[in-house]
Amino acid sequence: MKTILFGLDGATYTVLDHMVAHGVMPNFKKFRDESTSCRLRSTPLPITPQAWTTLATGRSAGNHGMHDFLRYEPTQDGVYFRVNDYRTIAVETIWQYVSDRGKRVTVLNFFGTAPPPKISGHVMPGFVPPKHLRRSSHPSDLFAKLQHVDGFDVNVLGLDTNIEKMGLQKLDPDQWVEWIDLHIRREKAWYGILDHLMRTEPSDLTAIVFDGVDKIQHLAYRYMDPSTIPEKPLDWEKRVIERCKTYFKQVDDFLGAVVKSAGKWARIFIASDHGFTVTTEIVYVNKFLADNGYLTWRGEVAEDAKEAVFVDKLPNLVSAIDLKKTKAFAMTPSCNGIYINRQHLTPEEADKVRDELIEKLYKLKGPDGGLVVAEIKKREDWWPGPFTERAPDLTLTLRDHGLISILNGKSVVVPREEPAGTHHPHGVLLGRGPGIVEGQELEARDIIEVPQLLLHSLGLEIPGDYEGTFPTAFYEAEYLASDPPRKAEAPVAAAAASAAGATDEANLDEDEEAAIMERLRGLGYVE
Amino acid sequence: MSAQGGTATREGILAEVVKVLTELTEDWDVDFGAGLGADTRLVSDLSFESIDVVHFVTALEEHYGRRDLPFQDILMEDGKYVEDIRVGDVVDFLAKQFGAA
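Each protein sequence line maps, in turn, to chains U and F. Counting from 39, one number per residue, gives the positions in the first sequence under the numbering used here. Counting from 146, one number per residue, gives the positions in the second sequence under the numbering used here.
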């Protein structure tokens, strides 16, 4: 059955329900009333690369290898960074799997889909700068086809990291509305592509991510969470609140249009990669390491004054740390973790440093006297598999779920002047369509199970190496008895999948579709 | 894909790198003046930012079907990232990797 994944990066019911309550999202309300919904448990590190890749592979990060935006490799006398991309993913994606079975796939604005897989359908990746977006899209003539689509503008579609960083630090009040409006324009441009392709070259599986949800919430979460919205907002804050509503209203319009365009005999799943919450302090982890003798700066290093968590240029941070005199360091805020500098330590010394850090971090207190670190994850416990070592030795969950800062700070823990938004491990998952229970709310399900919902909906077998279990409670028992999820016993090798042959698979799909329609007819879903 | 297995020439690699670079920068609003060549500098002549270097490396890896080329050898010096790099430096690096004549 035609299946759509409507991705909302970082969406949380806290904000969506608030928008519904204020009449901003009538289509989402209707969708939820007609769907099965639940909280979505994200990956152990709830960030875009790891979580969306898990959704796209059915595998945990220790197996798919996409842990963070970047990965670092120690060199003789420094650190070399690699930017993770589609080639980082060590297992087959559902995009390729579905395509290899003779179905067409459209994938829009997902991180880690460049260089694009040569699937049957369309790929336009997210997180790619305008200058590289055409080359990073598939097929090669996709851009030419889209030139006349309303709102198509590569400079809006592409990601300018210098602009995006603005949302992750203090921003002047007169810049907020302009920054939010950029994301309103960007989402409109992505939706224009989605709408065009759904009408002119519809796919069996259509997937899009609207990532402005995440970006706007990082900056303006306190104006969307009912627990933090100011009672008497200033004039500029009122404008920000209205623009946030405008953003979500537009997303809601897109959802309404997609539901209408998809028709009654399609299934639509809404999923986020993680949720959101409020962060009230900044933890300068490298400052903690330096204060405790595990990290040595090269000379004087300026203290952060912008409530920032990252450096403008990562090599500048590497240059600022004397790695030969450093036992542990944090390199990216997104990984929320600490690497032990194993290149300059024996295995025994490294283990000792790690144990010491765990003990000291659990004792770290904020200015209020409260313990700051809620949980410390060891990589071998949480990311087992061939790519365990891509995770930091220790991953921190802070008490407010904040991302660590890798900068130097005036203190290790600094209260923010105003709260900001940060990732929370609980996102959203909803499904609507034939056979899915209407108006049902379930206990939380894992993001790793979402691809099983997608493949079953498409009438495809679920590979045997997919982790997690099929969320049967989404479906009416009677329907599922007639169309049970089929999970392979043994892992399906990518090579075997590719060798299956598209023509035979396409014929099989037609047979399968006919069988499904027959089942639906028997259950009264189709006349 | 070509220029591997010890049969490549430096001139051949230069032509391929220029081709990859030309395709990479096709949509850019940059005046290349005399055109791309061994003396072209990525940052000062082509206004490369660090993310452009990443895409250039990716394009070369895709072109040669290799992900094991140690680009850090030319992108880093004494533990620090270099400020700029010549096309000719990239060609020399690839020629060394491919055992070119």
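Heads up, a few of these hints could be off.
Stated by the list, open to error - Below, simulated EDC-like cross-link-like pairs (lysine to aspartate or glutamate); rule was C-alpha separation at most 20 Å, straight line:
| # | chain 1 | residue 1 | chain 2 | residue 2 |
| --- | --- | --- | --- | --- |
| 1 | F | K225 | U | D115 |
| 2 | U | K183 | F | E171 |
| 3 | U | K390 | U | E345 |
| 4 | U | K203 | U | E216 |
| 5 | U | K362 | F | E171 |
Stated by the list, open to error - What the simulated footprint calls covered on chain U by chain F, stretch by stretch (three residues with Cβ under 8 Å from a Cβ of chain F suffice, anywhere in the stretch; the number is not a length):
| # | segment |
| --- | --- |
| 6 | 120-133 |
| 7 | 165-171 |
| 8 | 332-344 |
Claimed, not checked - What follows is a list of derived Cβ distance ranges for each label pair:
| # | chain 1 | residue 1 | chain 2 | residue 2 | range |
| --- | --- | --- | --- | --- | --- |
| 9 | F | G233 | U | T113 | 47 to 55 Å |
| 10 | F | K164 | U | G502 | 40 to 48 Å |
| 11 | F | D184 | U | E202 | 28 to 36 Å |
| 12 | U | P424 | F | K164 | 34 to 42 Å |
| 13 | U | A511 | F | T167 | 39 to 47 Å |
| 14 | F | D184 | U | P112 | 27 to 35 Å |
| 15 | F | T167 | U | E386 | 30 to 38 Å |
| 16 | F | G180 | U | P405 | 54 to 62 Å |
| 17 | F | D234 | U | P424 | 30 to 38 Å |
Rather than coming from a laboratory, the hints here were simulated on the basis of the structure. Don't be surprised by glycine CBs; every beta carbon is placed ideally from N, CA and C.
Comparing the hints with the structure gives:
Between K225(F) and D115(U), the direct Cα distance comes to roughly 8 Å. Compliance with the 20 Å bound is thereby established for this hinted pair. This hinted pair checks out: K183(U) and E171(F) have alpha carbons roughly 18 Å apart, not beyond 20 Å. Among the hinted pairs, K390(U) with E345(U) is inconsistent with the structure: their alpha-carbon atoms are about 32 Å apart, more than 20 Å. Restraint check: the Cα-Cα separation between K203(U) and E216(U) comes to about 14 Å, which is no more than 20 Å; the hinted pair holds.
Annotation: proposed proximity of K362(U) to E171(F) is violated, straight-line Cα distance about 42 Å (limit 20 Å). Here's how the segment 120-133 of chain U fares: 3 of its residues keep a CB closer than 8 Å to some CB of chain F, so the rule of at least three is met and the hint holds. As drawn, the segment 165-171 of chain U meets chain F at 3 residues by the rule of a beta-carbon pair under 8 Å; at three or more, the given contact holds. Given as covered by chain F, the segment 332-344 of chain U fails the check, having 0 residues with a CB less than 8 Å from a CB of that chain where 3 are the minimum.
At roughly 23 Å, the beta carbons of G233(F) and T113(U) sit outside the given window of 47 to 55 Å. Between K164(F) and G502(U) the beta carbon distance is about 43 Å. The supplied range of 40 to 48 Å therefore holds. The given range of 28 to 36 Å is respected by D184(F) and E202(U), whose C-beta atoms sit roughly 34 Å from each other. For the pair P424(U) and K164(F), the supplied restraint of 34 to 42 Å holds, since their beta-carbon distance comes to about 36 Å.
Between A511(U) and T167(F) the CB atoms are about 55 Å apart, so this pair departs from the stated range of 39 to 47 Å. At about 33 Å, the CB distance of D184(F) to P112(U) agrees with the hint of 27 to 35 Å. A beta carbon spacing of about 53 Å between T167(F) and E386(U) contradicts the range 30 to 38 Å that was offered as a hint. The supplied range of 54 to 62 Å is met by G180(F) and P405(U), whose beta-carbon atoms lie about 60 Å from each other.
At about 34 Å, the beta-carbon gap between D234(F) and P424(U) stays in the expected band of 30 to 38 Å.
Of the numbered hints listed earlier, those contradicted by the structure are 3, 5, 8, 9, 13 and 15.
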